[in-house]
Amino acid sequence: MTTTHPPARTGAGRLLLIGGRVLDPASGVDDHLDVAIEDGTIVAVGTDAAGVFGRSAADDGASDDPDIEVVDCTGHWIAPGFIDVHTHLREPGGEAAEDIATGSAAGAAGGYTALCAMANTSPVCDSAAIAELVWRRGREVALVDVFPVGSITKGLEGRELTEIGQLNACAAEVDFFSDDGIPLADTLVMRRALQYAKAFGAVICNHSEDPDLTAGAQMNEGAVSSVLGLAGWPHEAEEVMIARDLILAGGIGARLHVPHVTTAGAVELIRLAKERGVRVTAEATPHHLLLTDDLVADYDAVMKVNPPVRTASDVEALREALIDGTLDAVATDHAPHAPEYKDQEWEHAPCGMLGLETAFAVVHTALVATGRMTPLQAIARFTTGPASVRNVGQHGAALVAGADANLVVLDPEARWTVDAHALHSRARNSPFDGRELTGRPVHTLLRGRFTLREGVVADAAVVA
Amino acid sequence: MTQQPRHASSPAADAATTPATTPATTPATTPATTPATSTATSTATATRVAPLHHLLGIDDLDAAQVVHILDTAEQLLPIATRERNTVPTLRGKVVCNLFLEDSTRTRISFDLAAKRLSAEVLNFSAKGSSVSKGESFKDTALTLDAMGVDCVVVRSGSSGAPRQLARYLDVPIMNAGDGWHQHPTQALLDVFTMRRHLGDLAGRRVVIVGDLLHSRVARSEVQALNLVGAQVSVVAPPTLLPPEVERWGVEVVPSLDDALPDADVVYLLRVQRERMHRAFFPSTREYQRLWGMDGRRLRQLKDHAIVMHPGPMNRGVEITGEVADSDQSVITEQVTNGIAVRMACLYLLLAAPAVDEEAGR
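One line per chain: the protein sequences are A and B, in this order.
Residue 275 in the numbering used here sits at position 275 of the first sequence; the count goes up by one each step and never skips.
Residue 193 in the numbering used here sits at position 193 of the second sequence; the count goes up by one each step and never skips.
Hints listed in this document are in silico derivations from the structure and should not be mistaken for laboratory results.
Misleading hints may appear alongside valid ones.
For each label pair, taking beta carbons as the anchor points, the in silico distance ranges come out as [to be verified]:
#1 B/Gly295 x A/Gly216: 35 to 41 Å
#2 B/Gly321 x A/Ser313: 45 to 51 Å
#3 A/Lys154 x B/Val335: 52 to 58 Å
#4 B/Gly295 x A/Asp298: 55 to 61 Å
Remember, predicted model here, so these are calculated numbers, not experimental data.
Cβ atoms here follow ideal geometry from the backbone N, Cα and C, with glycine treated the same way.
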């Protein structure tokens, strides 16, 4: 519990997190330690961290020093702020569903301090001007750091390369490129994108699906689609494309990131490529780690997503791959859609699910609370894992003196029922609505400032 | 040609009018008590039949409900086919035909069925999705709700649209065909037609031929046939078989010629010519050779076997004129029976629940 609330202090001063379990994948630390923060920077981590403020560790927090805010983290986990390498913030162009302020608020509520905003906005993020707009808007909102993703090709058209060098050199320093939502089908363009990006140390992230095999697809192809009369999305479509991309990236020595892996076969391909030294990273979404295609039976378009939710055996393969590290990161593919678009007939409704505010709880409930992953392993998939995908500055870095105080404080015991209407996103399309989950962020700190305090998201304007 | 000529099994016309003329005081089971095909057993089970709230798909029904619908249709068949052909059963009820996909035949059949029961019919046709008009499908549903209709008959190119509608509205929804998913009244009228020709369908062999992948008729048909105990074989180009089709409770037969000698019913599905442009099969000529029903194959059938088609036919592709016009073809009879079956469904959805409530007071 927070024992003092100096209202004027938004983090510039001294902060002491006491009694929590520090889970820091970058340093391998899993221990009960205090964290001292001053002016947005970690100044000490340890049993005697309070000492840097001239206090004794035995102080119970009933401090009479008004310049130190003491936060009691007993029973809670203290971890680096989460990083999402796959977020659709929709701004510019899609503000009816989400904008950078509402999406950042959702991120803060979910324990995130860094979001990578996908490029399929309107206009597309295929110029330094748009990338800087998104990056600067994130800074203004100041609830998370927004790292723009550039498109691989101009206008997501799959033909001409985006000015990768210009985006890399601009203020947003874009080093991650994706036409996410649209597969880059042309093998020659894909090969050249990998070759070109390599020169800038940039990563290519291809939405891995053979578009010929998924034309008109509505859900996972299988026994359920067969009965529901919906065109199937065969798992081979994903695997064929991932195989191609792994072969191309391996040949060039370029950096490839595979987004939203969903099939057991795809996991095998990535595992094999990693063994052979291909420079590949990969992610799985919370929804693909939990949901299965039988949930489509009601034709509620909230369950419609690209790639689709698959079968129980695919879910199990993804979980194993997340545990063994074949999948480096949990990424949300947070994809808000205005209700009027999801209230269409299934085939006319757009694909996409909300994810930021439920991601940790889903993974915690499915894999940590069940004992399949250690807390440290799970936290790694939200921090060091995504930090290995692209450059996100100090996010995910070790919690040591001198580092930015980008932190999340989690209550692993919190049981809560997801209410789509109570989320911070402007949209309501959460597939977890009504589910009971355990584990929830209590506080999120961006450079020492509370973006989430006691479960309440800070006002963007005040923080800014 | 058939075991039962068209009207031989019809109950007396006045018996058939009983449920229709005095709906408020007639027990719900009355319509099932007198059809010639109904046995004492089916009458007894009819008393325990669960009421229908919607007709979204055959998979929502149990065997007793299917038999009850067929028995009711048997009662209503004389009204469906005779000259002076209305009864006041649904007077004052408004049935909305919401047709979001072109379908003149099915719409007319539902239209006739409702009018013969004296319902008012509201035709609401729109092509394409709601969003192209700037509103959501839910908005369209709420508009109908605001108009105060008593039942919505919905045809949509989108699988699942009737189920979504049932979530948005409180009135009974009848599925008149959705995407590739279900076409329950077609399956019911087909089983009704089979029963009139073959009697009890338990153990009978039905061979379904053609494009099952894109067929809402096939999905409903297989489920209805399984419920009445028939054995179903399917024959199709492998590209037009749905994924894991064997889990539907059918036997996949590699060759049509092998399937024909044991068949009691050959059910041909419409094959759209444009499918060959997406490499489902090489040519209509090859399709006709391998999976088309022609005179030579007709002669392999047992004498009592019948040939069926949901229409409209592609003569020369899945069926030749010789077969379509043969004595063993019951394709036009399916159309007539469709009116009676749709009347039965409307009756059970709109009139029978009121009777149940009345009886319960």
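Results for each hint:
Checked against the hint of 35 to 41 Å, the C-beta distance between B/Gly295 and A/Gly216 comes to roughly 37 Å, which is consistent with it. The beta-carbon spacing between B/Gly321 and A/Ser313, approximately 49 Å, falls within the hinted interval of 45 to 51 Å. Range check, A/Lys154 to B/Val335: Cβ separation about 55 Å, and the 52 to 58 Å hint holds. The given range of 55 to 61 Å is broken by B/Gly295 and A/Asp298, whose C-beta atoms sit roughly 47 Å from each other.
In summary, the structure is inconsistent with hint 4 from the numbered list given earlier, while agreeing with all the others.
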